[in-house]
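The sequence shown begins at 1 in this note's numbering and counts up by one.
Relax, there's no trap hidden among the hints.
Label pairs and their computed distance ranges (CB to CB):
#1 75 <-> 3: 30 to 36 Å
#2 13 <-> 78: 17 to 23 Å
#3 4 <-> 51: 27 to 33 Å
#4 51 <-> 8: 18 to 24 Å
#5 47 <-> 77: 17 to 23 Å
#6 4 <-> 75: 29 to 35 Å
#7 76 <-> 15: 16 to 22 Å
Capping the alpha-carbon separation at 25 Å, the derived lysine to any residue pairs in SDA-like fashion look like this:
#8 36 <-> 20
#9 36 <-> 78
#10 36 <-> 3
#11 36 <-> 55
#12 36 <-> 61
#13 47 <-> 14
#14 47 <-> 64
#15 47 <-> 20
#16 47 <-> 18
#17 47 <-> 12
#18 47 <-> 73
#19 36 <-> 13
#20 36 <-> 62
Hints listed in this document are in silico derivations from the structure and should not be mistaken for laboratory results. Just so you know, these numbers come straight off a predicted model, no measurement behind them. Just so you know, even glycine gets a beta-carbon here, dropped at the ideal spot from N, CA and C.
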Amino acid sequence: ALDNLVQLSLYDCGLQTLAGIQQSVDSAARAALFPKLTSLDIGRNPKLTNDSLPATFHTQFPQLGQLWSDDCSFGPHIP
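Required output: the full structure, derived from the provided sequences and hints.
Written out as structure tokens, the structure is:
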């Protein structure tokens, strides 16, 4: 886990998926991957859609206060 990371910017990185940002399959490592992350910027990645997010996406950022997703193809709701 990236225990101390509080801000992450993946702005305009050409992302097509966020698969892999999910809980470990190892039962000993079921904690959130980014437990202290408060700000995530995934904006200007137009190939990101609702289908690009793993089902556990929301569980990986328990402290998230800001999610920037401008110019992505989410909608009408982010799962």
